[in-house]
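Trainee: In case you want the letters, here they are:
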Amino acid sequence: MPPHAVTFYNALHQFMVARREQSGLAEKTVIQVGSATCEKAAGSEAVMKEFSKLIRASGRDDIIIKQTGCTGRCAREPIVGVFIPGQIPIKYERVDAEKVQTIFHDHIIGGQSVPELVLDKKTEKRYDYVITVCSSQRCRHAESDPEVMVAKALKATGIEEGTVRIFGGGCFGLCSSDKVGKQQVMMIFPERILYSFGTQEQLEEIIESHLIRKKILTRYQTKADFITEQFFSLYGDVSFFNKQTRLTLRNSGLIDPESLVDYVMNKGYEALANVLDRGDPNWVIAEITTSGLRGRGGGGFPTGTKWKNAITYTNDPIKYVVCNADEGDPGAFMDRSALEGDPFIILEGMTIGAYAIGAHKGYIYVRAEYPLAIERLEKAIAKAKENNLLGNNIMNSGFDFDVEIRLGAGAFVCGEETALMLSIEGKRGQPRIRPPYPTESGLWGHPTVINNVETWANVPTIMLYGAEWYSRIGTEKSKGTKVFALAGKVVNTGLVEVPMGTSLRDIIYDIGGGVPDGHQLKAVQTGGPSGGCIPAANIDTMVDYEELAKLGSIMGSGGMIVLDDTDCMVQTAKFFLEFTQSESCGKCVPCREGTVRMLEILERITEGKGELADLDKLERLGKLIQKSSLCGLGMTAPNPVLNALHNFRDEFEVHITEKRCPTHKCPQLIKYEIDVEKCTGCTLCARRCPVSCIDGTARQVHVINQEACIKCGECFNVCKFDAVLKI
Amino acid sequence: MDAKAHKLDHDIVEFINQCREQEHPDSYLIAVLHKVQNRYGYLDKEHMAEVAQRMQVPTSTVSGVATFYHFFRLQPKGKYHISICLGTACFIKGADKVLDAFRTELGIELGETTADELFSLDSSRCLGVCALAPVVLINEQVFSKVSAKQVPQLLNKVKEQELV
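For the record, the sequence lines run as chains Y and B.
Position in the first sequence (from 1) plus 9 gives the number in the numbering used here.
Position in the second sequence (from 1) plus 1208 gives the number in the numbering used here.
Check before you lean on any hint, since a few could be wrong.
Said to hold, decoys possible - Heads up, simulated DSBU-like pairs for lysine-lysine below, C-alpha to C-alpha not over 35 Å straight-line: (1) K1243/B <-> K436/Y; (2) K1367/B <-> K58/Y; (3) K687/Y <-> K1357/B; (4) K1243/B <-> K735/Y; (5) K720/Y <-> K1305/B; (6) K1353/B <-> K720/Y; (7) K720/Y <-> K1285/B; (8) K394/Y <-> K108/Y; (9) K1243/B <-> K392/Y; (10) K108/Y <-> K1365/B; (11) K75/Y <-> K1215/B; (12) K596/Y <-> K1305/B; (13) K735/Y <-> K1285/B; (14) K388/Y <-> K1353/B; (15) K1305/B <-> K388/Y; (16) K668/Y <-> K729/Y; (17) K1305/B <-> K632/Y; (18) K680/Y <-> K1357/B; (19) K317/Y <-> K108/Y; (20) K388/Y <-> K75/Y; (21) K370/Y <-> K436/Y; (22) K668/Y <-> K1305/B; (23) K58/Y <-> K1215/B; (24) K75/Y <-> K1253/B; (25) K1367/B <-> K720/Y; (26) K436/Y <-> K1253/B; (27) K720/Y <-> K1357/B; (28) K1285/B <-> K618/Y; (29) K729/Y <-> K1353/B; (30) K687/Y <-> K1215/B; (31) K1253/B <-> K388/Y; (32) K1365/B <-> K735/Y; (33) K75/Y <-> K276/Y; (34) K1357/B <-> K388/Y; (35) K394/Y <-> K1243/B; (36) K58/Y <-> K1253/B.
Claimed, not checked - Residues on chain Y that point at chain B, a partial pick, calculated with CB under 7 Å: (37) A84; (38) L416; (39) G497; (40) C688.
Because the hints were derived from the structure by calculation, they are not lab data.
The beta-carbon is built from N, C-alpha and C at its ideal position, and this holds for glycine as well.
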């Protein structure tokens, strides 16, 4: 078969390169502003306007603004990157209109970066070089810590202290099996040269040549195609990022999500071209199977097997592929960020999947609550169609495929695949019994492959770099990377992509920066309302499908909520159950009635009316619901409660026997009292009390009438002398 | 159809007609309802009846879908629609207290609209802005890290038309 698609791709790529050159971008100063929903919420639009104003006022035509998706560094948004040709890119955090002025005048016009505003590093000076060295478990040098090796080499070659910054990075994704433990990879900025070395002597040779003689030592230069290179070369000097391995999110925060030029320039659509020209759908399925990719929506079903099933059991010529972007787990925002940051990768992944199973129509089912993601997807689909990357005869290969967006309407249960299909069909999203599985009888009775956003995003990467390469990342049974949405009581909230098998400790402490305000970690909630809380004692658990299941939680779609010692586990369990209970579609009895009863028991406990026998009832009922519910929602609804009971039973017992909430989170179990030592008799609390239950006159110690108190906490909040005690 | 029932705007009727020409026309029901709600703020009974007739699906199917999905409102929205995120991250950071503050300030419950039709109150499950929790959405604008104390001030600002 002549290489139609590759010829098409080469022409497309050349066209894009020409367009990029025409724009003269390489010589221009680029101001990159984040523009995902969260960035906008943090004020990025005002920042963009302010920069435009200043650029216009300066009359310079060599400065441009570029929008990009979200880097996942949510807590520091809006983030602004300044790229001046030939210099280490500088990223600024929490930029507002005022800071824009400083950045523009001092850095962009004046050439002096503004260290106090720089993302994550409050240093006084700029480094001459930054060396990021791979310190992942796989690469880790057998004899010595790579960071120590570099530090030693710098000293040995007599380089002035403080001029070079060393970083131990996450996995670069370069690992080749025969070199494990022998070869170490590092990147030197600002030239972004990738070296590989085996011994301390070789390392010193490289440093001496590159840093002192300013000559690239080609002998040790690695020519390997480096998947996260683009991301690394921009963000590799920020520790939040270089501890991560960005495969699916490698373009997020890097490219303009509305620009096909940007996507193609970053290897976009190369995988599809290769796949189409090879002309062997079975090979595609075999590659996906070999890669070990498993469903990222939570279930962890092997993707290759799913695809194979769609062609094994039926000869039906009509087939569908579906992207499940109904990210309904409260506390999860990976899919939104992915769609907003890099929509083309999802389209490319779906097109490859459609080709593999012989589908000509695909649907993306997105939550209506994600307007920006929908807008970006619509634009991406339109651009792909204009450029013959969707529609008829894609890349002149003869393959036809079209994608349509379908909006959800706020029903959590529609994330369940059979409900999702009914919703696409325009009906009430009530799940049905499986089998038949969608791969046999899906949309309108035709075989349908449904994969989650992140799963689709992995597909082009696997096809580009090979299944064998992909299968080397991760653990024995869980391959590749996983994106987590880190939120709750953690310093660095945001999106984190790490290889499977990374420990919770690394995610929460190394990347997440630990628990803020001096509090102690209590538990980590994974898997949303279908998952559970992993107690702090299990912090060294390696995160993969099997390990989390052993602890009674699940991977889920990737929400990771950190709880500290001020969080009540009974309340948290109740919160999740309230959620599933109200989201229950009502079709099957165990889920519809059982969750209500469980919730009633939990409410009793949090109101101080529980009995010890309630705990056994909860357990029995929970197990019954797990066994007898119709769909995944019901089967997993009791998980947060059962898991909390298993790990934090003593906390439940204190609520029941002592009628006390150790973390003071259950309003009915709190008692407010006034400290006679501290009360100055200022009368503020008495005046603010909505039920006037505080007695006392000016300069006299006040007393709360416990009978009348409604426990609103107003007195506690207003007291300026900390005299109101919460017991 | 009598003249009174012709209430849907021309472009929505046009959209329905386009959907009718597609494969699986019934599958566009949710999309049509989204358009109607987007235009009028909620799903009025007469609108739903007209959708049913124009799409040639039973009225019971339309109301079945409209009542199944939380996103669809059957009552008019206030001029300012307040949606409080009650997702996990927001809950952990005190969204319940923020909700209480809105309830007290406005004197309405979730799903209700104030008598002057200025404000309506709703909760949403997760807006996906967890890192900025707790989050409140007023019409299209996202307010991040909202505390219960800020609520009266926020409402005043909105009333004074400074925002949204």
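Trainee: Next, verify each hint and record whether it holds.
Mentor: Okay, the hints, checked on the actual structure:
| no. | hint | verdict |
| --- | --- | --- |
| 1 | K1243/B <-> K436/Y | holds, 16 Å |
| 2 | K1367/B <-> K58/Y | holds, 26 Å |
| 3 | K687/Y <-> K1357/B | holds, 25 Å |
| 4 | K1243/B <-> K735/Y | violated, 50 Å |
| 5 | K720/Y <-> K1305/B | holds, 13 Å |
| 6 | K1353/B <-> K720/Y | holds, 24 Å |
| 7 | K720/Y <-> K1285/B | holds, 33 Å |
| 8 | K394/Y <-> K108/Y | violated, 40 Å |
| 9 | K1243/B <-> K392/Y | holds, 24 Å |
| 10 | K108/Y <-> K1365/B | holds, 25 Å |
| 11 | K75/Y <-> K1215/B | violated, 44 Å |
| 12 | K596/Y <-> K1305/B | holds, 33 Å |
| 13 | K735/Y <-> K1285/B | violated, 39 Å |
| 14 | K388/Y <-> K1353/B | holds, 31 Å |
| 15 | K1305/B <-> K388/Y | violated, 39 Å |
| 16 | K668/Y <-> K729/Y | holds, 29 Å |
| 17 | K1305/B <-> K632/Y | holds, 33 Å |
| 18 | K680/Y <-> K1357/B | holds, 22 Å |
| 19 | K317/Y <-> K108/Y | violated, 54 Å |
| 20 | K388/Y <-> K75/Y | holds, 17 Å |
| 21 | K370/Y <-> K436/Y | holds, 19 Å |
| 22 | K668/Y <-> K1305/B | holds, 23 Å |
| 23 | K58/Y <-> K1215/B | violated, 40 Å |
| 24 | K75/Y <-> K1253/B | violated, 46 Å |
| 25 | K1367/B <-> K720/Y | holds, 31 Å |
| 26 | K436/Y <-> K1253/B | holds, 18 Å |
| 27 | K720/Y <-> K1357/B | holds, 17 Å |
| 28 | K1285/B <-> K618/Y | violated, 39 Å |
| 29 | K729/Y <-> K1353/B | holds, 23 Å |
| 30 | K687/Y <-> K1215/B | violated, 67 Å |
| 31 | K1253/B <-> K388/Y | holds, 34 Å |
| 32 | K1365/B <-> K735/Y | holds, 33 Å |
| 33 | K75/Y <-> K276/Y | holds, 19 Å |
| 34 | K1357/B <-> K388/Y | violated, 40 Å |
| 35 | K394/Y <-> K1243/B | holds, 24 Å |
| 36 | K58/Y <-> K1253/B | violated, 43 Å |
| 37 | A84 | holds, 6 Å |
| 38 | L416 | holds, 6 Å |
| 39 | G497 | holds, 5 Å |
| 40 | C688 | violated, 23 Å |
Violated hints, in rising order: 4, 8, 11, 13, 15, 19, 23, 24, 28, 30, 34, 36, 40; the structure is consistent with all others.
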